[in-house]
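Enquirer: One letter stands for each residue in the lines below.
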Amino acid sequence: MTISRRVRLLLIAPAVVALVLSFVLPMLSDLRLSLSGYDDIMGVQDTVTLDQYQAIFQDSTYLDAWLLTLRIAILSGLLTTLLGALISFGLWRLGGRTRSVVSTVVIAPLLVSGVVRAYGWIAVMGPAGLLPQLTGKLGLGEVTILYNEPAMVIGFVHALLPYAILILLASFDRIDPTLLRAAANIGARPAQAVRLVVLPLVYPGIFASVLLTFVMASAAYAVPAILGGARQVTAATAIFQEQNVYLNWPAAAALALSLAVGTLLIMVAYQALTRRTTSRVEGHA
Amino acid sequence: MLSSYRTGPARPPVATAAAGGPEPATHLELRGLSKRYAAGGPLAVDDVSFTVRRGEFFGLLGPSGCGKTTTLNMIAGFVEPTEGRITLGGRDIVGMPPHRRGTAMVFQRYALFPHLTVAQNVAFGPKLRKQSRADVERRVGELLDFVGLGGMAGKFPDQLSGGQQQRVALARALAVDPEIVLLDEPLSNLDARMRTELRAELKRLLREAGVTVLIVTHDQAEAFSMCDRVAVMSDGTVQDVAAPMELYRRPRNPVLASFIGEGNFLASTVDAVAADGRLEVTATLGPRTHRLVVDRAEPDIGVGTAGQVLIRPEQLVVTAGTDGEVVDVSFLGPTATFVISVADRTLICSQPGHAASLAVGDRVSVDLSASGGTFVTAPGVGAGR
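Residue numbers (the numbering used here), protein chains in the order written: chain D, 1 to 285; chain Z, 286 to 670.
I should point out that these hints are in silico values taken from the structure, not numbers from a laboratory. Backbone N, C-alpha and C fix where the C-beta goes; we use that ideal spot for every residue, glycine too. Errors might be hidden in some of the hints.
[Unchecked claim] Listed below are several chain Z residues computed to face chain D (Cβ distance under 7 angstroms; list not exhaustive):
#, residue
1, Phe335
2, Thr367
3, Gly387
4, Ala389
5, Met390
6, Ala396
7, Gly410
8, Leu413
9, Phe431
10, Val461
11, Phe509
12, Ser650
[Claimed, not checked] Calculated from the model, a selection of chain Z residues having no Cβ within reach of chain D, i.e. all distances over 10 angstroms:
#, residue
13, Ala361
14, Pro383
15, His400
16, Asn474
[As the list claims (entries may be wrong)] Residues from chain D that face chain Z, not an exhaustive set, calculated with beta carbons under 10 angstroms:
#, residue
17, Leu35
18, Ile175
19, Ile186
20, Pro200
With the hints as constraints, model all of the structure from the sequences given.
Expert: This is how it looks when you write it as structure tokens:
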């Protein structure tokens with residue numbers, strides 16, 4: 001059955017309308033706001049100026065926030081994907097009942113609010129938490145990583161792992177398990193079969209997982225706000241501060257827009273870099 | 286032909302009776318092989334033993350679920366036997382991981398690596414053996430020419446037809462100089478028309494490669510046309526191992542007789558053993574009792590043994606008469622099959638297509654004494670197994 005062009009357009013219309021109302025229009029209003037001036041006493045000025053953007057690129061606080069965001073998002077994306085790939089590979093090989101039980105456990109954290117999960121880590125990593133007590137007893141000294149970069153990365157990996165696994169498991173499931181037998185049959189040790197056959201076939205999933213978790217980590221607010229404390233300022237927490245603490249809405253708008261455009265540029269560059277590898281596999285999987 | 290591109294040490298030539306003693310050299314031997322998947326569960330493979338000679342084409346024929354695929358997987362090392370021994374080229378291979386066994390399988394759905402080109406698929410095995418790049422490249426080129434895919438080296442598997450994919454799978458298997466090539470339902474993935482054509486092609490290629498071949502199939506025509514000897518399996522056990530012609534002409538028991546081809550079974554008793562070893566038997570059909578001289582499938586059958594006479598459709602002689610009636614005609618081209626109702630029995634008879642002369646409703650008689658057949662004992666009776 002072929003669906004006529006008109007029907008197809010009609011089918012995507014609700015999505016387009018929703019996207020325009022909830023994304024395009026807010027972004028346009030954000031753009032307008034970011035071009036406004038701001039006065040400490042008078043508040044938002046109804047002018048058109050590039051002052052806010054100038055401030056972003058001149059103020060080292062913002063630059064530090066960008067770099068921290070980038071560092072944490074990249075690290076979180078890579079670690080989450082690595083962990084997710086190992087778990088997905090295990091689940092793929094397990095199959096059956098064990099697989100359905102374990103995948104439910106892995107996906108279950110999505111049912112709990114991210115804020116709650118982040119607070120959970122305070123109980124573990126906080127001053128009187130499990131981690132310092134444990135390391136103290138082991139004679140390693142009380143390790144306190146809360147309100148620092150490792151705490152944020154751990155929080156992100158925990159929060160993003162279900163997404164990585166959902167993507168990667170789908171990718172593994174597209175591989176015919178007979179291929180492993182075929183490789184073994186002509187002399188490949190198990191590790192060689194995984195490296196030469198399985199890995200190339202899950203590259204698209206790995207790339208997609210890194211990208212998605214990176215983007216989610218770079219824009220997330222709850223984890224850095226709760227586990228990063230007041231001194232670790234990321235792009236998202238900087239925007240919140242401008243908006244809700246300093247009430248400088250134009251600056252917050254300019255920061256938000258820069259974050260969005262920056263992330264978009266990274267995504268485009270990343271996809272251009274990985275296209276060659278993934279197109280071969282996706283076209284012939 | 287294949288020897289021209291072999292890079293490894295020359296394989297011993299196909300053993301002759303003189304070289305290997307009185308029997309041709311055994312290449313693969315299964316002894317008392319059994320597999321039970323779940324503790325307390327049924328045996329998927331039950332005490333299977335057979336030997337495959339060097340250079341032989343050996344078939345494992347049976348319906349789905351008979352244990353033939355499990356047997357194949359135990360040889361390849363994907364499934365470990367519960368009991369029994371497998372020796373390949375003199376080595377005991379039970380417990381050995383698949384990559385060290387020297388078996389190379391052509392999978393039912395080929396299992397080509399989708400992310401690699403045809404040439405890279407074939408090079409996969411040789412590359413793992415740390416052969417020089419030039420050696421691998423030359424080898425791959427020769428193998429692709431050998432299977433007639435010289436121009437396809439840079440293509441990806443999904444750009445090839447089913448038959449071409451199969452030849453890539455074959456080249457990939459041959460590239461590792463396997464002790465034995467295992468074919469799992471090699472032609473079941475192709476349409477009927479291509480099947481016959483590719484069967485001959487596959488057989489020719491494998492013969493030229495000079496390898497020992499084990500073919501697993503549920504298709505009798507496939508097993509018969511490709512194999513020197515066939516083991517017929519049912520319910521996890523081997524019913525018989527013999528050349529196709531033997532299996533068809535002298536089935537050792539009714540199970541084999543009905544699984545291999547079609548036939549008419551008539552209850553009968555042995556009256557006498559003729560000087561040439563054939564049997565004189567009496568069989569009853571409707572009101573008449575017939576005396577027949579038939580072949581025997583088992584050696585030790587004496588006078589008085591009760592059993593059945595198997596008469597193949599093409600053996601049944603139909604004459605003018607009034608004993609029975611033709612109730613159905615299927616004209617297939619090369620042959621025509623008739624269903625004839627005689628007294629309370631239904632018999633199947635076939636004639637060459639060009640000479641088929643019967644029509645539905647014709648009155649006919651059956652001349653059993655002119656028909657010939659094979660005497661088969663019932664399972665558990667006489668020497669049956």
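Enquirer: List, from low to high, the hint numbers that the structure doesn't satisfy.
Expert: 1, 2, 3, 9, 11, 12, 13, 14, 15 and 17
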